[in-house]
Amino acid sequence: MAVLARDAVPAPVSRRSLLDNEKWLGRLMLAPAILYIILLVGFPFFLALYYSVSDITLGRQSLGFVGLKHYAAVIGTPKFRTSVQNTFVFALLSQLIVMILGNVLALLLLKDFRGKWFVRLLLLLPWVAPISLGSIGWLWILDSTYSVINWTLQALSLVPPEGGFMWLGIPHLAMGSIIAIHVWRILPLATVIILAGLTAIPQEIHDAAAVDGAGPWRHHFQITLPLLQPVMMVAGLFGLVFAFTDMIVIYVLTRGGPYDTTQVLATLAFFTGVAAGDLGEGAAISLFLFPFLLAVAVLMLRVARRAEVT
Amino acid sequence: MAGERLSRRKFIKATGGGALAAGLGANIIIPGRARAAKKLKILQWVHFVPAYDEWFNKKYIKEWGEKNDTEVTVDNIGIAGIAARAAGEVSAQKGHDLFLFNWPPPTYEEQTVDMKDVIQECERKAGKPIDLAIKSTYNPKTKKYFAFSPSFTPDPVNYRQDLFGQVGMPNGPRTWDDVRTGGAKVKKQAGNPVGIGLAQEIDTGMAMRTIMYSFGSHEQDAEGNFALDSKNTLDALKFVKALFEETMTPEVFTWDASSNNRAMIAGKISLALNAISITRTAEKDAPDMSKRIQLTKALRGPVRAIGLEHVMDCYVVWKFAENIEGAKKFLVDYVENFRLGFLAGEFYDFPCYPKTVPDLTKLIANDPKAHPPDKYKVLDDVLNWATNVGYPGYSNAAIDEIFNTWVLNVMFAKAASGSATPEEALKEAVAASKRVFAKWKEKGLV
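These protein sequence lines are chains Z and L, in that order.
Quick note: the first sequence uses this note's numbering, first residue 1, plus one each step.
Quick note: the second sequence uses this note's numbering, first residue 1, plus one each step.
Source of the hints: derived by calculation from the structure; they are not laboratory data.
Idealized CB from N, CA, C, for every residue including glycine.
Just so you know, not all the hints are guaranteed correct.
Facing chain Z, according to a computed beta carbon distance under 10 Å, are these residues of chain L, among others [unchecked claim]: (1) Q93; (2) Q111; (3) R262; (4) I402; (5) N404; (6) V410; (7) A413; (8) S417; (9) A420.
Okay, the calculated bits of chain Z under chain L, using three or more residues with CB under 8 Å as the criterion [as the list claims (entries may be wrong)]: (10) 49 to 62; (11) 144 to 151; (12) 253 to 259.
If we strip away everything but chain L, and leave its shape as in the complex, we get (with noise of 0.2 Å):
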């Protein structure tokens, strides 16, 4: 008996112990995590740049952690995932405190902490923030924040120096005519293609809205009212047709988000519309192709030159977070401290507070990792270029749901393969864009 009541105790010392550790968490358990009161999770992709994730996740947010008092855990997942996972919180009410999206995420405005408190502290520290940032976070129908943004990912040109050299153009093309003219005679001289995707993914969502943007064509105006109506986008329609049928081959039909920077590495096309990730994928793998890709600033075309950003780091602060207060307090350190990101992800992203790098133009001028080392100094102005999806507009639920639904990609590339005319084309995107902007309008949020 004795021996029976001398295990019932020490089975209830054990499973009590037990349950109460797992209750309190691994702060009672591990000695160091003892002190932290509050606690903070963070959602992001696993970033493009490992290095990044290496700094942020081992580094960055354990001393902000030991400094507020908070144990901070950081859950990567793939970029593919993040929107179901989104869905997957809301619906359960239930998750993480800051939420990064890669892009503007206006459709959960209502379940989103206004982050008018931080961006306003974020400027009395770091200075106004760029338009693209405030473009890509503001609803101006509802004044609403719905997110923050600290960080973008320009979206360059991308192109071989050697074969544009061939064709008289050593430092690669300024206007999107120089990409027609000089990219058909590189496809006759040399073979390589044009590789700017007509594909139902992201890389071709943004390259068609650059040059939509350039022709001075755009889903919406300033205020938010239907454009995409117009003779310029007709243009840039029958333009991007001839640049298919001049400069690349069915192959972009085929494309992912990936393909590009595959085919560009294997040395197969002329030009591509990308974030700087061909460009260090081929200093890490191809160290020969590297010094044949060079960047371009944003092309001109009819009535402007423009670029649109390639990831736009948004974060949100469900309304439902447990750790409110600590997540708009970590945002603002983090703007603070943007620069030691900015040099973790080896200058993938840019800040939306150019003030938090102010020597970025020196940095990038002189990268060791590049060939040449001031590879990336081409973009030492692409705050100013660089803009949202939307523009000149907001990035709203309705541009949104377009962008998400391909709408635009469909109608480029209808009327480069010749199944519609541009007309054609362009008619049945401006139903289904009118439609879209409709039923957002009646939501509320448009």
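Same shape as in the complex, but just chain Z (with noise of 0.2 Å):
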């Protein structure tokens, strides 16, 4: 009894005041969320945003104003141009293919059937293992000289007994690599959120297409796909600033190569400011897509909430 009345003992009136108010608790268990972007998102950002009209280098930790002279003297060199083309090409190639296959496996993973733990866990394997040990992996994959792929080509007679593709060594076969890789690794992300947006689609609304008489291609144009849109677009946001401005891939796979046209803007800011020392320009560099990424962004987010409402 002792104990029991010990327990009904209520919390301090401050205390239990404190933790009934909504906006101070809201604000105290928002606090580490909040700090954490403060510290290791925003403060990187806008050091690397000072660092771009600074003219600081790995040497000089002077921070003398420039301007925006970085921007002005990489915007004309032929490489940068190239690598904003690359970084387009790869980025909106790579998410176009992520959308589609992650809409045919969210799909497939939402039938019922033996061994969908097993394919879900394949699935998710990608995103879960360490991104530098997977692009090695597929280095040596694609290895010139002890690519797997050859050597089953070779073995089915596919191609001759020394023959084979140079897979990083020709430029649309480079860059269809580094795409292929990145989708593999965007790829379960992309799924997962295209399930849970399918998932919470209410079972009323199937079961009334299905008694309207709407076949399955209709269904999931005209009804489905409407319906996950706003999940499409988080999921299309998320695939895009990461191909616009990942380079582990490119990174251990090119290097940017074959001369430069699978070279991207993130790996040459990298090779720029840390590899050659110039961190002002690479700093630059990287900055360059910001303005374009914040504007999709905005307008993705502005359209998913739109669909969301309608």
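Got two chains here, each in a separate frame; can you build the complex from them with the hints?
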């Protein structure tokens, strides 16, 4: 009884009122996330912004203001223009493929079948494995001497005994390879997001469509896809931002080669800023697409919200 | 209460002792280290030859530390992590006392201690250094030695003796024209292409410069003036295009720094430019192939016979290092003892102070691991023909950026692949390089 009585003692009024106050409790619970964003996203971002208008190098810590000089200097170079073009090709193509395959896989995983958990596990593996390790694995798969794909093609007599493809040595094959590997990496995330969206669609809507005699194609394109639009926008936004800013796959596989045909802004920024020491110019290159990405993000989120409301 | 007091006392004793031990470091706890009054922290790459790290980390620094009352620690990291690690240390203004780059690091000049006194002391004790060591560590514009180089790795030609023997060159090619004609015959007869990289990686950068310099083409002249835009560069470009078309396959566009090793040891290619890593790996992993792979000296081009360094060992001492004097003394002593390092590294690192390995010629002429034992004898005059990136000038910040952003690699690859004419490829590279030179001149480092 004594114990029960002790347990029943209410918490001090001040503490209880603080915990019951939604305004303060909300702030308290959001604080770690906000702190994280400020320290690990906001601070480096604004630092990079300032680097891009300063004369900082790896060996010089002074931050003399040079205005937009770095932006003006790089924008006219063929290497930069090639990198911008490659960045768009890489990001848009990979994202298009991800969205199509993500839809297919999500629809597949919505169904019940034996071994579904195993398929889900396999699907998620590329996402949970460190991308640097995954890329090194792909580097070996596509290696010019030991490519397992070429060996298989040779074993199946699809190419001559010493033949095969120079996956990373021919421009369109190299771009195709890095897009394929990026898709392999991003696809699980897109699939999981789209799958979540699919499960959120009320069953009544599907039932009503079936009763009205909608066929599978009409059902998918005129009912499911429009309802999925907000979720797909979010998946697309994540994928686009990843594709526009990522450099690991390209750095490990081609380092921008052959002859800059897979050079993207992220790798160019790394080579200029870290490998060659011009941090200011490297920062300018890396931030070049920021206004564009910001606009895309705002647009996509607005479209998603509008679709959600209607 | 007594029990409580006792636990608190115990607790204070334990935590206080722990904190004291942590604060004072391992010297207090580990017997034998207690005497070391100073500390020296070194960062360097994981050496290509594991036996070198075994000797350096477990024997040499221990003995040096005992003699100099210093606790020496070494952190070994992969070569790919060195650039980012250096950037991190400079940014934090904290790190190691001695930091080894495997290439000249002129962009860090303002963060490093002038090594003039180390070079003078080494010269007093071990004689004059080779020109390559100075050209890789000195900035004539600021009159500062931004690094110190005790050793370098040669970049000889590795060729398949059996294959070149079939086309009348049993001793390998002697000139770049030999590579073109002999390589084409080998490719036609045996199907093995020449394997000189045309990719965005370090070995390609070295190989293309070797060809350029032997054709009398340079990024800069001896005074550091921009000199890429020349007929000699155009000739070198046309040569590489012909060399690619007649002797190679698109495989060379895909390569990373270790691809030529793999392709040579797999028996796929007939010739490559590389350190002795190919032959050393073959001796361990493919003894039969090892007998077929031999080395030649620098190949002669229309102007000269010249080769690059493959790895330039450049130690820097950061201005923010805690034991600057200890780091300098370590380097002077290391140079004096370099013969031990030369042996431990299985001839991978050659001395920048030739007198420190007086019997170098004799040692490399009889290596029991090599097939034949005098395989490495061709390197006996490497100190005369190995040169630096940026020859005939110094390895400065502009040369470094041109190297690390692969400007020349791309120029040669575009011309070779036909995606640009040699003239167009040169024009683009000249514009890019001129911009880089102007930039670093403005920053006062060139």
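Which numbered hints does this structure break?
Result: no hint breaks.
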